[in-house]
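Could you put the whole structure together from the sequences, leaning on the hints where they help?
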Amino acid sequence: MKKIFHQKNALRHKYAPVLNAPYLAWCVIFILIPLAMVAYYAFTDAGGHWSLSVFRELLGTRPARISLAKVFGNSMLYALAATVICLLLGYPLSYIMARSGIRAQRSLMMLLMVPMWMNFLICTYSWITILSNNGVINSFLGLLGLPALKLLNTPGAVVLGMVYNYLPYMILPIYTVIAKLSPSLREAAQDLGATGWSVLRKVTLPLSLPGVASGITMVFVPSVSTFYISQKLGGSKTQLIGDAIELQFLTFNRINTGAAMSLILMLIILLSMMVMKRFSDGEEGAFIA
Amino acid sequence: MKASRRSKAFRVGYTALILLFLYAPMAVMLFFSFNESRSTAQFTGFSLHWYAELFRNSAAQNALKNTLLLALSAAAVSVVVGTLSAVGIDRTRRKWLKSSILSVTNLPLMNPDIVTGISMMLLFVFAARLIGARTMLGFPTLLIAHVTFCLPYVILSVLPKLRQIDPHLAEAAMDLGCSQAQAFFRVELPSIASGVVSAFLMAFTLSLDDFVISYFVSGTGFQTLPIYIYSMTKKRVTPDMYALSTLIFIAVFLLLLLSNLVQARSEKKMRGARN
Numbered sequence: 001m002k003k004i005f006h007q008k009n010a011l012r013h014k015y016a017p018v019l020n021a022p023y024l025a026w027c028v029i030f031i032l033i034p035l036a037m038v039a040y041y042a043f044t045d046a047g048g049h050w051s052l053s054v055f056r057e058l059l060g061t062r063p064a065r066i067s068l069a070k071v072f073g074n075s076m077l078y079a080l081a082a083t084v085i086c087l088l089l090g091y092p093l094s095y096i097m098a099r100s101g102i103r104a105q106r107s108l109m110m111l112l113m114v115p116m117w118m119n120f121l122i123c124t125y126s127w128i129t130i131l132s133n134n135g136v137i138n139s140f141l142g143l144l145g146l147p148a149l150k151l152l153n154t155p156g157a158v159v160l161g162m163v164y165n166y167l168p169y170m171i172l173p174i175y176t177v178i179a180k181l182s183p184s185l186r187e188a189a190q191d192l193g194a195t196g197w198s199v200l201r202k203v204t205l206p207l208s209l210p211g212v213a214s215g216i217t218m219v220f221v222p223s224v225s226t227f228y229i230s231q232k233l234g235g236s237k238t239q240l241i242g243d244a245i246e247l248q249f250l251t252f253n254r255i256n257t258g259a260a261m262s263l264i265l266m267l268i269i270l271l272s273m274m275v276m277k278r279f280s281d282g283e284e285g286a287f288i289a
Numbered sequence: 001m002k003a004s005r006r007s008k009a010f011r012v013g014y015t016a017l018i019l020l021f022l023y024a025p026m027a028v029m030l031f032f033s034f035n036e037s038r039s040t041a042q043f044t045g046f047s048l049h050w051y052a053e054l055f056r057n058s059a060a061q062n063a064l065k066n067t068l069l070l071a072l073s074a075a076a077v078s079v080v081v082g083t084l085s086a087v088g089i090d091r092t093r094r095k096w097l098k099s100s101i102l103s104v105t106n107l108p109l110m111n112p113d114i115v116t117g118i119s120m121m122l123l124f125v126f127a128a129r130l131i132g133a134r135t136m137l138g139f140p141t142l143l144i145a146h147v148t149f150c151l152p153y154v155i156l157s158v159l160p161k162l163r164q165i166d167p168h169l170a171e172a173a174m175d176l177g178c179s180q181a182q183a184f185f186r187v188e189l190p191s192i193a194s195g196v197v198s199a200f201l202m203a204f205t206l207s208l209d210d211f212v213i214s215y216f217v218s219g220t221g222f223q224t225l226p227i228y229i230y231s232m233t234k235k236r237v238t239p240d241m242y243a244l245s246t247l248i249f250i251a252v253f254l255l256l257l258l259s260n261l262v263q264a265r266s267e268k269k270m271r272g273a274r275n
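Chains as they are written, first to last, in the numbering used here: chain Z, 1 to 289; chain X, 1 to 275.
Everything labelled a hint here was simulated from the structure, so no lab data went into it. Hints should not be assumed to be uniformly reliable.
Claimed, not checked - Label pairs and their in silico Cβ distance ranges: (1) Z:V18 / X:L102: 12 to 20 Å; (2) X:K95 / Z:V18: 14 to 22 Å; (3) Z:S182 / X:Q180: 49 to 57 Å; (4) Z:R106 / X:A181: 35 to 43 Å; (5) X:S100 / Z:G47: 30 to 38 Å; (6) X:S39 / Z:G73: 36 to 44 Å; (7) Z:L205 / X:S194: 51 to 59 Å; (8) X:R94 / Z:P22: 12 to 20 Å; (9) Z:P183 / X:N106: 29 to 37 Å; (10) Z:R106 / X:S58: 22 to 30 Å; (11) Z:P22 / X:L109: 13 to 21 Å; (12) Z:P206 / X:L256: 50 to 58 Å; (13) X:A193 / Z:P22: 20 to 28 Å; (14) Z:K150 / X:L68: 36 to 44 Å.
Note that beta-carbon positions come from the ideal geometry of N, C-alpha and C, so glycine has one too.
Structural data, given as structure tokens:
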């Protein structure tokens, strides 16, 4: 009997390599080789010889054409600010959502999905209409007799654009985790004498950390690598790493410099993911979309 | 009692404020799409002029057609390849092989889009040089790129469904005379169908919405809607782009509303059946 079972099992597993082969080939050709090419260009010069000259130029002290440290610093700063703001704005909403009735939950979910499905380019563009010197906000201030504010082409506008575009990606994973928490956990805490506030602080908050972690990555990664938001809302003064990479590849045609920058960006993101992973160990990707 | 009413007011107010923030740009687009003049800043009077303009705009319509064609093909290819590989991964016994396949699958999910786009562009430029073509960027490269970023989502949505099914079912089918393939198509595929369908929808919407990766691998011949919109926002945007987004907004809203209603109804029916 056991032998027959083993044979059948073996038959089931026999075709695994055949089924895996096309996908593995796809992964190697279209994921691994392209990434290896990025690394190759980063470590060669324009003539195709192995060299660290690109990194030396980017990180070196001699007056580089691109002040890379500033560009990277700005990107990290803006993306961190956007992530923190998304967390502060998003967590309460996720909590409110998870504790509403089932119909309210479903409607709110839908209302959060609609902006995610909209084209982010045109939504970002229409913030120009809202923020510009004669835009919606400043016309409103004018009506109240207040002086106009310079809102567009400021760092604040770039962070606002990031928060606007990625806020739903913070809310949904946190909401998913809180909604799955068993109500008996809260009840138990209340029975043991915890007040509403300390239930939130000592029970709900720690248990929702995996959702928070995936929310943070889902906001931070696209924010730190964006180039459209900063182009449109930040003006020509604010250059982020995404802008710099796009410029190197598509305008200057300096592949090696662009590849080196991409490699550094990848390393930064991998490092931040590893840090995040320590918080979310065990619970993998509470929400993937 | 009073405190709970106050907290309810706070909850409703807070939710409303966040939604106001998320919908502000859409309200602005809706409003200015009816503008009479070319401006997207000064409202001069109501008109449907820009909607008429949009329906005469063949570049926009062409871009829409391209986007739908690409999204359908990318979703179809990635669902077929992805489902087969999910089955393969599920049946792989060697632990190290399984975990390394899954790590490679996760790579495009972790990489920022701009790096994925650039790395694929480098590959396609290199391949074009190899075969001596001036460029190979166009529909085929877009399709390859879209399938590549859709595959992880397909695999990660089908794999859990495969883990849920009882392996003895397929064995029973084979005992009763089914071949491997028959057992898969008649027994296993129906039980993972919901995962396959949601994977298709996810791949379709991801492809529909993608800008960053497409931007680097599209070339000039084949324009998708996001790339068309990008080229429009490089210049001064005229209200016909706002009219286009308003129509997209209405379509998205109706689609989500419909799926919401269908879901609510099926849940009600299930509850009714249980009682």
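The hints, checked one at a time:
One distance hint, 12 to 20 Å for the beta-carbon pair Z:V18 and X:L102, holds here, with the actual separation near 19 Å. Taken as a hint, the range 14 to 22 Å holds for the pair X:K95 and Z:V18, whose Cβ atoms sit roughly 20 Å apart. The given range of 49 to 57 Å is broken by Z:S182 and X:Q180, whose C-beta atoms sit roughly 41 Å from each other. The hinted range of 35 to 43 Å is satisfied by Z:R106 and X:A181, whose Cβ atoms lie roughly 40 Å apart.
Remark: the range hint 30 to 38 Å for X:S100 to Z:G47 is upheld by a beta-carbon distance near 35 Å. Between X:S39 and Z:G73 the C-beta distance comes to about 37 Å, which sits within the given range of 36 to 44 Å. Between Z:L205 and X:S194 the beta carbon distance is about 33 Å. The supplied range of 51 to 59 Å is therefore violated. Between X:R94 and Z:P22 the Cβ separation comes to about 18 Å, which falls inside the hinted range of 12 to 20 Å.
A beta carbon spacing of about 33 Å between Z:P183 and X:N106 agrees with the range 29 to 37 Å that was offered as a hint. A C-beta distance of roughly 40 Å is found between Z:R106 and X:S58, which places it outside the suggested range of 22 to 30 Å. Look at Z:P22 against X:L109: about 20 Å separates their beta carbons, and that is inside 13 to 21 Å. Against the hinted window of 50 to 58 Å, the Cβ-Cβ separation of Z:P206 and X:L256 comes to about 33 Å, which falls outside the hint.
Between X:A193 and Z:P22 the C-beta distance comes to about 22 Å, which sits within the given range of 20 to 28 Å. Between Z:K150 and X:L68, the C-beta spacing of about 41 Å keeps the proposed range 36 to 44 Å intact.
This entry does not satisfy hints 3, 7, 10 and 12, going by the numbered hints stated previously.
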